[in-house]
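> Sequence:
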Amino acid sequence: MIEHSDDPRAFLERIGSLVKEGGRIVVTTPNPLLDPIHHAGAKIGIFSHDASEEHVSLLNRKALMQLAASLGLSVERYERFLLGANQLLVLRK
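Read in this note's numbering, the sequence shown has 27 at position 30, and its numbers run on one by one without any break.
Please note that the accuracy of each hint is not assured.
What the hints assert, rightly or not - Listed next, with one range per pair, are the computed distances between beta-carbon atoms:
| no. | residue 1 | residue 2 | range |
| --- | --- | --- | --- |
| 1 | A60 | K40 | 24 to 30 angstroms |
| 2 | R21 | H46 | 29 to 35 angstroms |
| 3 | A82 | M62 | 26 to 32 angstroms |
The set of hints was computed from the structure by calculation and includes no laboratory data.
Model, not experiment: these values are computed from the prediction.
No residue lacks a Cβ here, since even glycine has one placed at the ideal position from N, Cα and C.
Using the sequences and the hints, build the whole thing.
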């Protein structure tokens, strides 16, 4: 859901405040490199038009890592899935 937030930092900070020390936060988000493909697919009906239009903040790997570090969260795992279209980030508080 982070891609639907106007302020990803505040969003992740709030999620972090709900997690116990040592707990994990799992983030999945679209890969911004493939956003043009997502928009094109939405126009022809392959992907959801609404979901495409609702993406506000698409963060790449570097931005996700910097955001996590700025909040004192360590990155346990990062990977891309669905042919690189999406990203998985597992953070530890």
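> Confirm or reject each hint.
Structure-based check of all given hints:
Between A60 and K40 the beta carbons are some 26 angstroms apart, a value that agrees with the proposed interval 24 to 30 angstroms. Hint check: R21 to H46, Cβ distance near 33 angstroms, so the stated range 29 to 35 angstroms holds. Between A82 and M62 the CB atoms are about 19 angstroms apart, so this pair departs from the stated range of 26 to 32 angstroms.
Consistency with the previously given hints fails for number 3 only.
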